[in-house]
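Listed below are the residues making up each chain.
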Amino acid sequence: MSVALKDRSMVLQKEMIASHFARLEKAPENREPVVYTFVPGNLVELIRSFGALPVLPEINALQSGMRKLSGDYIAEAERLGHSEDVCAYVKCDIGMLRSGNIGPAGTKLPKPDLLLLSYTGCYTFMKWFELLREEYDCPAVFFHVPYQGDGVLEPEHREYMLRQLREQVIPALERATGRAYDEDALRERLALAAEAEDHLVAVLQSAKHKPSPIDGYFGTVYYVGPIFSAFRGTQEGVEYYRALREEIEERVAAGQGPVTPEGPLDNQKYRLVVEGPPSWTHFRDFWKMFADEGAVVVASTYTKVGGTYDFGFRHNPDDPLGTLADYCSGCYTNLNLPSRIDMLVRYIQEYEADGFVINSVKSCNSFSAGQLMILREVEKRTGIPGAFIESDLVDPRYFSTANIKNRLESYFQMIQARRAGREA
Amino acid sequence: MSCVVGIDLGSTTTKAVVLDEDGHVLGRGITNSRSNYDLAAAVARIEGFINARFGLIQQQLESTGSADSVGRLRRAFVMEQLLLQLRRLEQLLLEEVARSAPAGLKAPFADAIREICRRITEEEEKRFRQPPILRSDFFRDAAGSAFMRLAEEVADPAGVTFDRLIGAYDKCIIRAENEPIELDFRDHIDNALNRMGNPPGLADAVEYAASKDLTPATTVGTGYGRARLPFPKEQIRSEILCHGLGAHAMFPETRTVLDIGGQDTKAIQVDEQGIVTSFQMNDRCAAGCGRYLGYIADEMNLGLHELGPLAEQSRRHVKINSTCTVFAGAELRERLSLGEKREDILAGLHRAIVIRAMSLLARSGGVSDQFTFTGGVAKNPAAVRAIRELVQENYGERQLNISPDSIYTGALGAALFARRMVA
Numbered sequence: 001m002s003v004a005l006k007d008r009s010m011v012l013q014k015e016m017i018a019s020h021f022a023r024l025e026k027a028p029e030n031r032e033p034v035v036y037t038f039v040p041g042n043l044v045e046l047i048r049s050f051g052a053l054p055v056l057p058e059i060n061a062l063q064s065g066m067r068k069l070s071g072d073y074i075a076e077a078e079r080l081g082h083s084e085d086v087c088a089y090v091k092c093d094i095g096m097l098r099s100g101n102i103g104p105a106g107t108k109l110p111k112p113d114l115l116l117l118s119y120t121g122c123y124t125f126m127k128w129f130e131l132l133r134e135e136y137d138c139p140a141v142f143f144h145v146p147y148q149g150d151g152v153l154e155p156e157h158r159e160y161m162l163r164q165l166r167e168q169v170i171p172a173l174e175r176a177t178g179r180a181y182d183e184d185a186l187r188e189r190l191a192l193a194a195e196a197e198d199h200l201v202a203v204l205q206s207a208k209h210k211p212s213p214i215d216g217y218f219g220t221v222y223y224v225g226p227i228f229s230a231f232r233g234t235q236e237g238v239e240y241y242r243a244l245r246e247e248i249e250e251r252v253a254a255g256q257g258p259v260t261p262e263g264p265l266d267n268q269k270y271r272l273v274v275e276g277p278p279s280w281t282h283f284r285d286f287w288k289m290f291a292d293e294g295a296v297v298v299a300s301t302y303t304k305v306g307g308t309y310d311f312g313f314r315h316n317p318d319d320p321l322g323t324l325a326d327y328c329s330g331c332y333t334n335l336n337l338p339s340r341i342d343m344l345v346r347y348i349q350e351y352e353a354d355g356f357v358i359n360s361v362k363s364c365n366s367f368s369a370g371q372l373m374i375l376r377e378v379e380k381r382t383g384i385p386g387a388f389i390e391s392d393l394v395d396p397r398y399f400s401t402a403n404i405k406n407r408l409e410s411y412f413q414m415i416q417a418r419r420a421g422r423e424a
Numbered sequence: 001m002s003c004v005v006g007i008d009l010g011s012t013t014t015k016a017v018v019l020d021e022d023g024h025v026l027g028r029g030i031t032n033s034r035s036n037y038d039l040a041a042a043v044a045r046i047e048g049f050i051n052a053r054f055g056l057i058q059q060q061l062e063s064t065g066s067a068d069s070v071g072r073l074r075r076a077f078v079m080e081q082l083l084l085q086l087r088r089l090e091q092l093l094l095e096e097v098a099r100s101a102p103a104g105l106k107a108p109f110a111d112a113i114r115e116i117c118r119r120i121t122e123e124e125e126k127r128f129r130q131p132p133i134l135r136s137d138f139f140r141d142a143a144g145s146a147f148m149r150l151a152e153e154v155a156d157p158a159g160v161t162f163d164r165l166i167g168a169y170d171k172c173i174i175r176a177e178n179e180p181i182e183l184d185f186r187d188h189i190d191n192a193l194n195r196m197g198n199p200p201g202l203a204d205a206v207e208y209a210a211s212k213d214l215t216p217a218t219t220v221g222t223g224y225g226r227a228r229l230p231f232p233k234e235q236i237r238s239e240i241l242c243h244g245l246g247a248h249a250m251f252p253e254t255r256t257v258l259d260i261g262g263q264d265t266k267a268i269q270v271d272e273q274g275i276v277t278s279f280q281m282n283d284r285c286a287a288g289c290g291r292y293l294g295y296i297a298d299e300m301n302l303g304l305h306e307l308g309p310l311a312e313q314s315r316r317h318v319k320i321n322s323t324c325t326v327f328a329g330a331e332l333r334e335r336l337s338l339g340e341k342r343e344d345i346l347a348g349l350h351r352a353i354v355i356r357a358m359s360l361l362a363r364s365g366g367v368s369d370q371f372t373f374t375g376g377v378a379k380n381p382a383a384v385r386a387i388r389e390l391v392q393e394n395y396g397e398r399q400l401n402i403s404p405d406s407i408y409t410g411a412l413g414a415a416l417f418a419r420r421m422v423a
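Heads up: the protein sequence lines correspond to chains A and B, in order.
Per the working numbering, residue 1 is the first one in the first sequence, and the count goes up by one each step.
Per the working numbering, residue 1 is the first one in the second sequence, and the count goes up by one each step.
I should point out that these hints are in silico values taken from the structure, not numbers from a laboratory.
Being a predicted model, the structure only gives us computed values, none of them experimental.
Any given hint could turn out to be false.
[What the hints assert, rightly or not] Straight-line distance between alpha carbons at most 30 Å, and here's what the computed DSS-like set of lysine-lysine pairs gives:
| hint | chain 1 | residue 1 | chain 2 | residue 2 |
| --- | --- | --- | --- | --- |
| 1 | A | 405 | A | 269 |
| 2 | B | 233 | A | 288 |
| 3 | A | 405 | A | 68 |
| 4 | A | 405 | B | 379 |
| 5 | B | 319 | A | 362 |
| 6 | A | 14 | A | 208 |
| 7 | A | 111 | A | 14 |
| 8 | A | 210 | B | 233 |
| 9 | A | 269 | B | 233 |
| 10 | B | 233 | A | 405 |
[To be verified] Calculated Cβ distances over 12 Å to all of chain B for the following chain A residues:
| hint | residue |
| --- | --- |
| 11 | 14 |
| 12 | 76 |
| 13 | 147 |
| 14 | 160 |
| 15 | 171 |
| 16 | 236 |
| 17 | 260 |
Positions of the beta carbon are idealized from the N, C-alpha and C atoms, including for glycine.
Could you build all of it, start to finish, from the sequences and the hints given here?
Below, the structure written as structure tokens:
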């Protein structure tokens with residue numbers, strides 16, 4: 001029964017994505033404007049309110065990684081002169097572009113009418129869109145989200161963002177789409193966003209149950225897919241999350257664990273919190289290393305890069321531009337190290353985790369810088385030892401199966417030895 | 001007597017430790033890991049039990065007061081093992097010649113092989129009558145260097161050339177090494193005793209040791225090849241946990257352990273019970289691990305054990321930044337071409353390796369008292385000196401523990417886990 005239920009949300013998601021990419025392919029002939037934007041701080045409700053379709057290059061890059069195409073794309077970009085040290089997402093995207101620009105659904109991606117860059121802590125995003133602007137010779141608009149260096153959003157920061165939205169972003173969207181800003185349309189979309197967010201939070205927090213009905217990292221990257229990409233603020237998005245929530249609630253009622261690629265994980269020996277993005281090229285192998293040991297992830301920070309909802313934030317239709325500013329500034333990549341530490345500590349405590357794992361990716365300094373400090377501090381505050389592993393987002397050359405497996409196995413055995421030691 | 005076994009399948013060597021019921025070490029065995037982990041594990045284990053039996057002989061003779069002959073008996077035993085392997089290698093070489101040598105060369109080729117093997121046997125017999133010298137116990141090393149040297153003498157530039165001889169050797173040594181053959185205590189102890197003239201006290205002790213029932217209650221495996229071991233999952237432990245526990249058993253006050261092995265470096269923190277509380281290891285790049293020193297030794301045409309002592313003669317530091325194993329040769333040649341002395345370069349290389357390890361130590365939580373250094377590299381005096389200096393500079397006074405048996409730390413930890421399973 002759980003298989004059939006699981007299928008429902010997955011099938012729904014598959015259909016949504018396929019139809020979105022089919023629509024994107026036809027966008028030029030249907031004269032639908034296309035706006036490229038990044039996941040953290042994406043203003044997708046605003047984009048949609050102008051009747052434009054969003055394209056998210058990181059999602060395409062990670063999909064290429066999962067489909068084992070990223071190695072070739074990266075090689076292509078390196079042939080063009082991008083160094084080995086450049087973020088692998090960027091190289092994967094550039095390589096895909098130069099190899100015919102066929103997206104994850106096997107359809108051709110349209111050219112952007114506008115590059116909308118929300119700057120939320122990733123400097124590379126700026127360089128990435130500079131490269132795309134060069135490739136496509138199209139307009140770009142920059143939305144600067146102030147970094148939460150002191151851990152709070154000051155009123156003047158918010159005002160600064162509102163001014164940019166009014167004076168830069170909205171006019172750029174108007175020019176690119178030929179439509180006028182319609183605040184009511186935006187409000188409608190924000191209301192849909194908030195509804196989906198409620199359902200998502202219920203799904204995320206279901207991991208507080210024992211056994212956890214979801215995997216809060218490997219499984220949840222699928223769950224956050226629609227809301228992090230094109231479907232926040234859409235009716236399909238709401239329906240997807242409602243269906244997903246129902247499935248998960250049924251799993252809770254039945255006392256079932258998540259379904260991993262290796263089958264159901266009901267016997268959960270370790271509850272973990274994970275920091276950092278997964279390795280997309282070895283996603284299944286990586287998940288299997290956890291599942292084989294009976295480890296379930298109960299919460300993760302990576303699943304908050306496209307928005308942090310579980311501490312109460314919801315998009316607010318009554319304050320349409322203000323809420324966009326609040327949303328952007330709260331994205332995980334825009335948080336300072338103490339805030340990230342607080343979040344991890346909170347997750348470990350609230351989800352009653354036995355341990356936490358940091359996957360430090362070579363590509364992403366925004367994520368990786370400071371992670372060892374995070375590790376030590378979280379260990380100190382929770383008394384729980386952490387594990388540290390290293391890989392990459394989509395560059396298959398940086399995934400060493402033996403090395404990562406060795407570290408993870410050692411870590412699980414270490415938790416077990418500590419348990420035995422405590423009991424003795 | 002009930003016992004337990006720990007096996008550490010490393011990338012370079014495979015080690016076994018046999019513990020008795022009280023957790024005392026009965027015997028240790030080591031062999032090169034070769035390309036066949038299963039066999040390496042079997043050989044190390046057999047060696048462990050052989051040494052356990054020699055330990056029993058020693059115990060037996062200590063009570064009667066004539067322990068000196070045990071060392072000689074041990075050498076006789078090792079020689080018997082070596083001669084058996086040599087005969088097998090000779091057989092394989094002759095088969096290879098019969099199969100693939102050109103028709104006109106078959107007879108002289110076979111003669112050359114027989115001659116080389118005869119001379120190796122002669123040398124070994126002679127060596128046995130002389131005081132022992134330090135050399136590698138691995139058949140590949142002992143037979144390989146002798147074969148190489150004697151092939152040069154026997155080779156005929158116009159017929160069976162040196163290259164042909166070495167080519168045949170390279171082909172056959174892999175097979176010889178990867179075939180299971182009888183190396184066990186029972187197989188050779190009688191011949192070894194005969195060689196000694198069957199002294200009565202010794203013969204009785206041998207009989208006592210041989211008849212002792214050493215049945216392992218359980219075995220736990222660790223190390224890179226652990227997945228190859230035919231054990232259920234519960235009998236496999238991570239080498240990080242094993243090194244932590246092994247170091248704790250050797251030095252109970254240990255809180256920080258550094259292990260520099262063939263292809264990885266591990267910095268481990270343990271609590272007062274030897275339970276790992278934190279660890280860091282190198283990422284997928286093996287720069288600065290033991291294998292790096294292996295390449296350097298090859299480049300310099302030196303034995304691995306000669307590197308440290310040579311580096312110790314250095315009078316000035318050469319700063320080396322790259323510890324990339326792939327570029328080790330290039331780096332070395334570059335330095336030599338700049339006129340740097342070999343010993344100074346080597347001292348710099350050792351320091352570079354240790355600096356890399358220091359970074360892992362820092363990441364794992366620093367160096368606490370006491371600090372135990374394990375793994376093959378802990379046998380290298382230049383590495384030890386660099387560790388001592390850098391720990392002192394960065395963390396102040398720390399007691400540095402290095403056991404002469406440090407290479408067995410992981411296997412000892414595995415054996416201790418095995419013991420806990422039995423208990």
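Going by Cβ atoms, does residue 171 of chain A stay more than 12 Å from chain B at every point? holds (47 Å)
Least C-beta distance from residue 160 of chain A to chain B larger than 12 Å: holds (38 Å)
Would you say residue 260 of chain A is clear of chain B, with no C-beta pair closer than or equal to 12 Å? Per Cβ check, residue 260 of chain A is outside 12 Å of chain B; nearest 18 Å; holds.
Within 30 Å, alpha carbon to alpha carbon, are residue 14 of chain A and residue 208 of chain A? holds (28 Å)
Given the hint that residue 269 of chain A pairs with residue 233 of chain B, test it: the Cα-Cα distance must not exceed 30 Å. OK: residue 269 of chain A and residue 233 of chain B at ~15 Å, within 30 Å.
Nearest-CB test (12 Å) between chain B and residue 147 of chain A: holds (26 Å)
Does the structure keep residue 233 of chain B and residue 405 of chain A at a Cα separation of 30 Å or less? holds (14 Å)
So if I understand the rule, the pair passes when the alpha-carbon distance is 30 Å or less; does residue 319 of chain B with residue 362 of chain A pass? The given pair, whose Cα atoms are some 27 Å apart, holds under the 30 Å limit.
So is residue 14 of chain A really clear of chain B, every C-beta pair being over 12 Å apart? holds (34 Å)
Would you check the hint for residue 210 of chain A and residue 233 of chain B, treating anything up to 30 Å between C-alpha atoms as holding? Given that 30 Å is the threshold and the Cα spacing comes to 25 Å, the pair holds.
Holds or violated: residue 405 of chain A to residue 269 of chain A, with C-alpha atoms at most 30 Å apart: holds (17 Å)
Quickly compare the C-alpha distance for residue 233 of chain B and residue 288 of chain A to 30 Å and report which way the hint goes. Answer holds: residue 233 of chain B to residue 288 of chain A is near 16 Å, not above 30 Å.
Violated hints are absent here; each numbered hint is respected by the structure.
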